[in-house]
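Participant: Spelled out from the first residue to the last, the chains are:
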Amino acid sequence: AQKITQTQPGMFVQEKEAVTLDCTYDTSDPSYGLFWYKQPSSGEMIFLIYQGSYDQQNATEGRYSLNFQKARKSANLVISASQLGDSAMYFCAMREGRAGNTPLVFGKGTRLSVIA
Amino acid sequence: EAGVVQSPRYKIIEKKQPVAFWCNPISGHNTLYWYLQNLGQGPELLIRYENEEAVDDSQLPKDRFSAERLKGVDSTLKIQPAELGDSAVYLCASSLGRSYYNEQFFGPGTRLTVL
Numbered sequence: 462a463q464k465i466t467q468t469q470p471g472m473f474v475q476e477k478e479a480v481t482l483d484c485t486y487d488t489s490d491p492s493y494g495l496f497w498y499k500q501p502s503s504g505e506m507i508f509l510i511y512q513g514s515y516d517q518q519n520a521t522e523g524r525y526s527l528n529f530q531k532a533r534k535s536a537n538l539v540i541s542a543s544q545l546g547d548s549a550m551y552f553c554a555m556r557e558g559r560a561g562n563t564p565l566v567f568g569k570g571t572r573l574s575v576i577a
Numbered sequence: 050e051a052g053v054v055q056s057p058r059y060k061i062i063e064k065k066q067p068v069a070f071w072c073n074p075i076s077g078h079n080t081l082y083w084y085l086q087n088l089g090q091g092p093e094l095l096i097r098y099e100n101e102e103a104v105d106d107s108q109l110p111k112d113r114f115s116a117e118r119l120k121g122v123d124s125t126l127k128i129q130p131a132e133l134g135d136s137a138v139y140l141c142a143s144s145l146g147r148s149y150y151n152e153q154f155f156g157p158g159t160r161l162t163v164l
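Same order as they appear, the protein sequences are chains B and H. 462 is the number of the first residue of the first sequence in our numbering; add one for each residue after it. 50 is the number of the first residue of the second sequence in our numbering; add one for each residue after it.
Note that these hints are calculated values from the structure, not bench results. Any given hint could turn out to be false.
[To be verified] List time: in silico EDC-like cross-link candidates among lysine to aspartate or glutamate, alpha-carbon distance up to 16 Å:
(1) H:Lys-120 - H:Glu-93
(2) H:Lys-65 - H:Glu-152
(3) H:Lys-111 - H:Asp-135
(4) B:Lys-569 - H:Glu-93
(5) B:Lys-464 - H:Glu-93
(6) B:Lys-464 - B:Asp-483
Predicted model only: the values in this text are computed from it and were never measured.
Chain H on its own, in the form it takes in the complex (with noise of 0.2 Å):
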């Protein structure tokens, strides 16, 4: 069964401009989660997806961030102007289900770099 799917895996670009992450779950997982992980520290929740519904998306810099699920599937999360502090790594993650014990599977991550 393939994992979690994401490109690019790596993005270098110039403050200012525009960016584009996308990430292709596990078949089947309702929820989809975007996480940001900044150097040294662990994942933050950015937005989390029911199906193609944004359920909890507080975290979200709705500014410059925007993100989408079509169909349910994939999801595709956008930084526009990005801003040098906007260098991290941009984890998806999915899972099945809302049972008690549910383990959300991660993708390998897009380490963006914002000159």
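So that you can see chain B by itself, here it is in the shape it has in the complex (with noise of 0.2 Å):
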């Protein structure tokens, strides 16, 4: 079974305007992390936010917040403000476990574009 998925191949949005990229995930565990990793067309993997299972409140970095439902185990990256610069692959990704160094698995991806 798919632990994470995305299903928003794509998404466009207008310059200055907020979006939502959104993200499903499936665990047993009872303790994990979410993350959301951007990958510009250079190809590295920039961190954006985290979010733990028991944090209580949603995660928040500057342009980002992350739209964290337990019950319904998504975590929906919002970007405000949408720039040029955001344009690239967003991913979604899992780490299960209390373990600081379980490795990732990531979603199929979503590409934004930001249209001036």
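Both chains come to you apart, so use the hints to assemble them.
Facilitator: What follows is the structure, given as structure tokens:
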């Protein structure tokens, strides 16, 4: 079974508008972490935001926020005030368990295109 | 602070040839990961090292792939012989410690093309 599902292969957003990228996950472990990474065309994976399964509040990092709905097993990324430089692939990932060195399991990604 | 360094950035070889990728993690990071990223997909783990010990290599195709991490620092991933289906991006990542929140830092990747 797929552990991370990103159902939007591609998304378009107007510059300065907000956009939500969807991510659902599947795990039976009560302890897990959810990550979002950005991958520009240059190829490097850039960490954006983290949400732990026990965190009470949704994570925020600047223009990025994570809409964490535990009961629905969703962890959607919200980018506010989109910029042209936000155009990239976005990956949702999960780490199961409490050990911080467990490998990440990634979704297939969503390609975001920001339009001027 | 320097990030994760990988070389080469690009490699083009003919099938059946050997190829090697090198990764230098962030200084002090004891955990090193090699991920494979096929076109249009997310990265998938190939192997994970804790210091010099390979602790998770179940996804590594051992008939043609090998890896090593000498002295628990740099790591090399080798393919011999390469096949057409090995064309992909090979990503190296590193992390520090075992705390609950532990970010993985990724290198720029090596894009392999097998002709």
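Participant: Could you run down the list of hints and mark each one as holding or not?
Facilitator: Taking the hints in turn, this is what the structure says about them:
no., hint, verdict
1, H:Lys-120 - H:Glu-93, "violated, 25 Å"
2, H:Lys-65 - H:Glu-152, "violated, 36 Å"
3, H:Lys-111 - H:Asp-135, "holds, 13 Å"
4, B:Lys-569 - H:Glu-93, "holds, 10 Å"
5, B:Lys-464 - H:Glu-93, "holds, 12 Å"
6, B:Lys-464 - B:Asp-483, "holds, 14 Å"
Comparing the model with each numbered hint stated earlier shows that hints 1 and 2 do not hold.
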